Each structure stands twice: as structure tokens, then as C-alpha cells.
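In the order they appear, the protein sequences are chains A and B. In terms of the numbering used here, the first sequence opens at residue 1 and continues consecutively. In terms of the numbering used here, the second sequence opens at residue 162 and continues consecutively.
No wet-lab data here; the hints were simulated from the structure. Quantities reported herein were computed from a predicted structural model and do not represent experimental measurements. There may be inaccurate statements among the hints.
[Stated by the list, open to error] Partial pick of chain A residues on the chain B-facing surface, computed with a CB cut under 7 Å:
| # | residue |
| --- | --- |
| 1 | A3 |
| 2 | L42 |
| 3 | V57 |
| 4 | S63 |
| 5 | S66 |
| 6 | W70 |
| 7 | L108 |
| 8 | G112 |
| 9 | R116 |
| 10 | M119 |
| 11 | I120 |
| 12 | E121 |
| 13 | L123 |
[Stated by the list, open to error] Quick list of in silico lysine-lysine cross-link-like pairs, DSS-like style, CA-CA up to 30 Å:
| # | chain 1 | residue 1 | chain 2 | residue 2 |
| --- | --- | --- | --- | --- |
| 14 | B | K163 | A | K100 |
| 15 | A | K100 | A | K18 |
| 16 | A | K85 | A | K2 |
| 17 | A | K2 | A | K18 |
| 18 | B | K261 | B | K246 |
| 19 | B | K163 | A | K18 |
| 20 | B | K179 | B | K261 |
| 21 | A | K2 | B | K179 |
| 22 | A | K85 | B | K179 |
| 23 | B | K163 | B | K261 |
| 24 | A | K2 | B | K261 |
| 25 | A | K18 | B | K246 |
[As the list claims (entries may be wrong)] Taking CB as the label site, the calculated pair distances span:
| # | chain 1 | residue 1 | chain 2 | residue 2 | range |
| --- | --- | --- | --- | --- | --- |
| 26 | B | S211 | A | L114 | 42 to 52 Å |
| 27 | A | N124 | B | N248 | 25 to 35 Å |
| 28 | B | L284 | A | R110 | 24 to 34 Å |
| 29 | B | P212 | A | P115 | 14 to 24 Å |
| 30 | A | L123 | B | T201 | 31 to 41 Å |
| 31 | B | K179 | A | S102 | 17 to 27 Å |
Glycine included, every Cβ here is placed at the ideal spot set by N, Cα and C.
Protein chains: 2
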Amino acid sequence: MKATGLHLLVEYHDCDRKILNDLPHIERLMTSAAEAAEATVLGVMFHPFSPQGLSGVVVIEESHLSIHTWPEHGYAAVDFFTCGKCNPERAHEVLAAGLKASRFEKMLLRRGNLPRSPMIEVLNHDEAIPRESTHHLLHVAGVAPAERQDPPKLRACSTRR
Amino acid sequence: MKATGLHLLVEYHDCDRKILNDLPHIERLMTSAAEAAEATVLGVMFHPFSPQGLSGVVVIEESHLSIHTWPEHGYAAVDFFTCGKCNPERAHEVLAAGLKASRFEKMLLRRGNLPRSPMIEVLNHDEAIPRESTHHLLHVAGVAPAERQDPPKLRACSTRR
């Protein structure tokens, strides 16, 4: 199996501070982002901090998504590490809309560029204002609480895509 | 609290293929790596793939460590994302020795460089052969099975360092 992966790192800035501290909401958002990228969710782990902020990871068949939030700065650091046919850009669009980020900065890396050197390669690095149109993705990805489906929390051996 | 973090991305190449497929061993190694970096482990999640390979995440008070292995290529992609006073370089030394990597490539990023732009900054990017001397770290970090301590798997609210 090919080991090549795309690793999208995003810094979300000027986000909705209340959302950044809402653990169940962020957990749903991250799971929806994984699904939007056409990833298969294997498990999630989220942790709240005191007095604010949270960390969370979604392990997917195609690698992982992670988030760390600092509500006091309106800031979140997110990683979308995907292999196979997943599209991390779709996951980012869901997050940008869901966090109500006023701006973000993205760096796209290629990982596991075997057997060449460098194995890590910066493909792109830019800063932007989210498109208004991405907000509809929240509905498409089913983030609304009424549509919530809890992700699997059990361990099971699966085939990597 | 400051949001600045150090994100160390490492590609381990020509590793011991049996170790890359040994989930309990990798889980101990990653926990030991976190402890070597002086991070506080909050929880772990590891997942085996069929016919081989695994993914794993260690959530720490100071962000996270992740690993994805491809035993068929002797390759592992690892991320050490740390905030506060943790030293991701120490975690890397434990991994390089534990995976028996013949070579590795590292990229060190600064994250959350608020409010400046760019928020993500490449501080260093190099490729190297592990130092023989790092092998002693396995003992120091307590990776030997007899010394194993299971990491906490419960969720609890803690103070971010």
C-alpha cells in the first residue's frame, strides 16, 4: 500500500469563542469534517481543560484529525492528516464554517514521499478569509444536533484505505 | 495562556518492520516518548490495521503525539505537537531509538504565532542518521515491558500547562 499522505495544517483565527469551548459541538464538528473528507471514523477522544479550551482527536482509517482550542484567543490549531482518496480540503471547509473563523492560515504538506528525499514537502502555504458559501456545508455534513450520530468508540481491526 | 506551540513532524525510515506492527510495544513507546518530553498523558487511542500497520494517538495536557506505521515500507509518520515547556526533541529521540530507524527526516514548525502572520513558521527541516547514543534513552524512559505502566484512559478535566 502506498504511504503517501496529505497533511493539512490550519490555524483558525477570530473564531466564535463560545464554540471553541463547547466540547460536544466540537466533537460533532470534527466527526462531520472527517465524513466530509470521505474518511471513515474509527474512534474519537476529546478532553476539556480548565478554565477553558479543549483538545480532541478523531482517528480515521486514513490517519487522523486533531484540534486544540484556545477560546481566550479565539484560536484553534487543526491538523488533517489523510492518506488514500480523502480530501482534507473538504474537512477544512466544514471546520472554517463551523468555528465561524474570520480568517485562517493553511499549510499543506506531502508526507511519506518514499523513497525520495525530502519525504516531507511543503506544497502550499497561504492565508485567507473563509468564503461565505462554505456555511452551507454544515448542513450538508449534518452538524445539526438533531442529526447527530455518535461515532464508534470501540477498537476493531480494519483495513486501511 | 500563550497559544504558541512547537510541532515536530518526523518521517522514520528503514525501521524495524516487526516493531512497526507491534501495537502494545508502539503504545508503550509513544507513552514513554511523551514522558521523556515531560508531557502529561491524558489518554491514548491505538488502532491496528489489516494485514499490517497501525495508527495511534497520545493526547497530552500539552497537545498530542500521533503515529502511523507502514511496516511494508519500514516507515512511520510521527507528529509531536507540544505547548508549554515540553521538549518534542526528547520524544523524538525515544522514538528514533525505539523504532530502530536507520534514518529520519524532521520538520519543526512553530504554531499559533499569534497575532503575527504567518502563524505557522518552518523553523527547521533536516534529514539525519540517528545517534547510537540515543538507544540508552529507551531504558531511561522505561520502555521495557517489565516496567510498563498503563496510561490513563479516563476523561477528566485538567489544567492545560
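Evaluation of the provided hints:
Taking 7 Å as the C-beta contact cut-off toward chain B, the hint placing A3 (chain A) at the interface holds, the least distance being around 4 Å. Checking L42 (chain A) against chain B by beta carbon gives a least distance of about 5 Å; that is within 7 Å, so the hint holds. Below 7 Å, beta-carbon pairs count as interface contacts, and V57 (chain A) has one with chain B at about 5 Å; its hint therefore holds. Of the supplied interface hints, the one on S63 (chain A) holds, with its beta-carbon coming within about 5 Å of a beta-carbon of chain B, less than 7 Å.
Among the interface hints, the one on S66 (chain A) holds; its C-beta lies about 6 Å from the nearest C-beta in chain B, closer than the 7 Å criterion. Because the closest C-beta pair between W70 (chain A) and chain B is about 4 Å apart, less than 7 Å, the hint holds. Of the supplied interface hints, the one on L108 (chain A) is violated, with its beta-carbon coming no nearer than about 11 Å to a beta-carbon of chain B, more than 7 Å. Satisfaction of the interface hint for G112 (chain A) is found here, the shortest Cβ-Cβ separation to chain B being roughly 6 Å, below the 7 Å cut-off.
The beta carbon of R116 (chain A) comes no nearer than 10 Å to any beta carbon in chain B, farther than 7 Å, and the hint placing it at the interface is violated. Because the beta carbon of M119 (chain A) sits about 4 Å from the nearest beta carbon in chain B, less than 7 Å, this interface hint is met. A distance limit of 7 Å between C-beta atoms decides the matter here; for I120 (chain A) the minimum to chain B is near 5 Å, and the interface restraint holds. The criterion of a C-beta within 7 Å of any C-beta in chain B is not met by E121 (chain A), whose closest approach is roughly 10 Å, and the hint is violated.
The restraint placing L123 (chain A) at the interface with chain B is violated, with a minimum CB-CB distance near 13 Å, outside the 7 Å limit. Taking the CA atoms of K163 (chain B) and K100 (chain A), the gap is near 21 Å; set against the 30 Å cutoff, the hint holds. The straight-line distance between the Cα atoms of K100 (chain A) and K18 (chain A) is roughly 11 Å, inside the 30 Å bound, and the hint therefore holds. At roughly 11 Å between alpha-carbon atoms, K85 (chain A) and K2 (chain A) fall within 30 Å of each other, so this suggested pair holds.
Straight-line distance between C-alpha atoms of K2 (chain A) and K18 (chain A) comes to about 40 Å, which puts the hinted pair past the 30 Å bound. Proximity of K261 (chain B) to K246 (chain B) is assessed by CA-CA distance (about 27 Å); at most 30 Å being required, the pair is judged to hold. Restraint check: the Cα-Cα separation between K163 (chain B) and K18 (chain A) comes to about 18 Å, which is no more than 30 Å; the hinted pair holds. Distance check on the hinted pair: K179 (chain B) and K261 (chain B) sit about 11 Å apart at the alpha-carbon level, within 30 Å; holds.
The straight-line distance between the Cα atoms of K2 (chain A) and K179 (chain B) is roughly 18 Å, inside the 30 Å bound, and the hint therefore holds. At roughly 27 Å between alpha-carbon atoms, K85 (chain A) and K179 (chain B) fall within 30 Å of each other, so this suggested pair holds. Among the hinted pairs, K163 (chain B) with K261 (chain B) is inconsistent with the structure: their alpha-carbon atoms are about 35 Å apart, more than 30 Å. Between K2 (chain A) and K261 (chain B) the alpha-carbon distance is near 21 Å, which keeps this suggested pair within the 30 Å criterion.
A C-alpha spacing of about 27 Å is found between K18 (chain A) and K246 (chain B), which places the hinted pair at or below 30 Å, so the restraint holds. Between S211 (chain B) and L114 (chain A), the C-beta spacing of about 21 Å breaks the proposed range 42 to 52 Å. The hinted window of 25 to 35 Å between N124 (chain A) and N248 (chain B) holds, with their beta carbons roughly 29 Å apart. For L284 (chain B) and R110 (chain A), the hinted distance range of 24 to 34 Å is not satisfied, since their beta carbons lie about 19 Å from each other.
Checking the proposed 14 to 24 Å range against P212 (chain B) and P115 (chain A) shows it holds: the Cβ atoms sit about 21 Å from each other. In this structure, L123 (chain A) and T201 (chain B) meet the distance hint of 31 to 41 Å, their C-beta atoms being roughly 34 Å apart. Taking 17 to 27 Å as the suggested C-beta distance range, the pair K179 (chain B) and S102 (chain A) does not conform, at roughly 49 Å.
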